[in-house]
Amino acid sequence: MFKYLLGLVIAIAVILVAITVGANNDQVITFNYIVAESDFKLSTLVAILFGLGLILGWLITGIFYLRIKIKNMTLARQIKRQTQQINELTSSLNKAA
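Following full-length UniProt numbering, the numbering of the sequence shown begins with 1 at its first residue and continues without gaps.
The hints are simulated quantities; they were obtained by calculation from the structure and are not laboratory data.
Note that the structure is a prediction, hence the values are computed from the model and not measured.
The hints are all genuine.
Pair by pair, the computed Cβ-Cβ distance ranges are: (1) Leu6 to Ala76: 22 to 28 Å; (2) Ile70 to Phe40: 38 to 44 Å; (3) Ile79 to Ser38: 51 to 57 Å; (4) Val17 to Met73: 34 to 40 Å; (5) Leu42 to Ala11: 22 to 28 Å.
Cβ atoms here follow ideal geometry from the backbone N, Cα and C, with glycine treated the same way.
Input sequences plus hints: build the corresponding full structure.
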C-alpha cells in the first residue's frame, strides 16, 4: 500500500513540476536534431525531453529490476533443491546408522 501511495505522490510532484515549468516559458526556439530542424515552444520542448528522460529512466530501472528478480528466483530454486538434497542425505545417513 505504501508503495502505491509513494508512486502517486511522485506522479503528482512530476505533474506539478511540468505545469510550473511549462506555464512560464512561451518563447519559441529552434531545435536542431540530426535529420531536421523544428520550431517549438520552450515549454513544449522541456516537457517532451523531461517525459522522454522519465520514460528512459523507468525502462532502465525496470530492466535491472527484472534481472535481479530473475536471479533471485533462480537462487531460491537452487536453495530449495540443495535443501532437499541435504534432507535426503541426512535421512539416508540416519537409516544407515
